[in-house]
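For this one, chain A is given, so just place chain B on it according to the hints.
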Amino acid sequence: MKPPPDDALDRELMAAVGRGDGRAFARLVGRHYGWALGFTDRMLGARHEAEDLVQTAFLRVWQGAAHWEPGARFSTWLYRVLYNLCVDQFRARNTAAGVPLDGDLAEALADEAPGSEERVSDMQRGARVRMALAALPARQRAALVLCYYEELSQVEAAALLGVSEGALESLLSRGRATLRKWLRDDLQ
Amino acid sequence: MDLNRFKACSAAYGADRRRWPAREHPLYDRFAGTSEGVAILAEAERTDRFLDALETAAPDLRRVGRIAAIARPAWYRLAKPAATLAASAVLGFAVGFAQARSAADTDIAARLLLGPQSLQEIGL
Numbered sequence: 001m002k003p004p005p006d007d008a009l010d011r012e013l014m015a016a017v018g019r020g021d022g023r024a025f026a027r028l029v030g031r032h033y034g035w036a037l038g039f040t041d042r043m044l045g046a047r048h049e050a051e052d053l054v055q056t057a058f059l060r061v062w063q064g065a066a067h068w069e070p071g072a073r074f075s076t077w078l079y080r081v082l083y084n085l086c087v088d089q090f091r092a093r094n095t096a097a098g099v100p101l102d103g104d105l106a107e108a109l110a111d112e113a114p115g116s117e118e119r120v121s122d123m124q125r126g127a128r129v130r131m132a133l134a135a136l137p138a139r140q141r142a143a144l145v146l147c148y149y150e151e152l153s154q155v156e157a158a159a160l161l162g163v164s165e166g167a168l169e170s171l172l173s174r175g176r177a178t179l180r181k182w183l184r185d186d187l188q
Numbered sequence: 001m002d003l004n005r006f007k008a009c010s011a012a013y014g015a016d017r018r019r020w021p022a023r024e025h026p027l028y029d030r031f032a033g034t035s036e037g038v039a040i041l042a043e044a045e046r047t048d049r050f051l052d053a054l055e056t057a058a059p060d061l062r063r064v065g066r067i068a069a070i071a072r073p074a075w076y077r078l079a080k081p082a083a084t085l086a087a088s089a090v091l092g093f094a095v096g097f098a099q100a101r102s103a104a105d106t107d108i109a110a111r112l113l114l115g116p117q118s119l120q121e122i123g124l
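Chains A and B, in that order, are what the protein sequence lines are.
Reading the first sequence from the start, the letters are residues 1 to 188 in this note's numbering.
Reading the second sequence from the start, the letters are residues 1 to 124 in this note's numbering.
None of these hints come from the bench; they were simulated from the model.
No false leads were slipped in.
FRET-style restraints, in silico, Cβ to Cβ:
1) B:Ser35 - A:Ser153: 26 to 32 Å
2) A:Gly71 - B:Ala57: 30 to 36 Å
3) B:Leu3 - A:Gly64: 45 to 51 Å
4) A:Gly20 - B:Gly33: 54 to 60 Å
5) A:Asp6 - B:Arg17: 25 to 31 Å
6) A:Arg47 - B:Gly33: 38 to 44 Å
7) A:Pro4 - B:Glu55: 19 to 25 Å
8) B:Gly65 - A:Ser153: 32 to 38 Å
9) B:Ala42 - A:Leu59: 45 to 51 Å
10) B:Arg66 - A:Gly71: 26 to 32 Å
C-beta atoms are modelled at their ideal positions from N, C-alpha and C, and glycine is treated no differently.
Chain A on its own, in the form it takes in the complex (with noise of 0.2 Å):
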């Protein structure tokens, strides 16, 4: 899910939140939960913890409003709030540089790994490349959640994440070539 393109309406929207309007907020709740959670809920891989995280960022919207000013897109503030809660939270979790894919990890993913003659559902593959991608270090994770599921451009992509457009290629490369090594049995 993306961000709905129209962001005339975000702007008089949010114009209409930094005023107190209640029902402006819920449209844009509406309009941008969504997105919010999806992009979330890939950055974390926790389901729970991405809807918490959501809603601290839809509280901030609502707090912030009235001193809210339209340089950007709307979504693309968003966007940066909720990669800044999501570095937080690693940071809580004292992961900043990823879960290390150590032995054991390394070894469920292979463990978990189907046979020739065996076929893993998508579920069971979602769930793994949902644990790879979280063992990912946070930079490389971030790269190629905004650039390969949330679409971004490479500009923006490296905006947000405060990189140039080389470093951000590099996180790329090196995120898909660490995947592709963790999970080279299901990329047979």
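Chain B only, in chain A's frame:
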């Protein structure tokens, strides 16, 4: 040299041309149909397919409602439980009163059926 760049792009952006930077599209178009290009893209596509397996569940609408409720004024949020409590009290009183009336009516009917000793006994 260009093929190396093609390989580097496919390693970073995958097999789908739409995910490549626009400035690299000519490079994609140049190599995508060649035998080396096809092999490189096939490798990248396996990773893409794997990434595609990750889906997220649909949002919980109750959550959306709870977040939208953040914007309700404080008096409303405080008044709602108080109003619910008051409504419960009124309803409880009304039900209790109706049951009491009903019990009294039943008592009167029973006495009429069983034969009251006097009209005074049933309060008439």
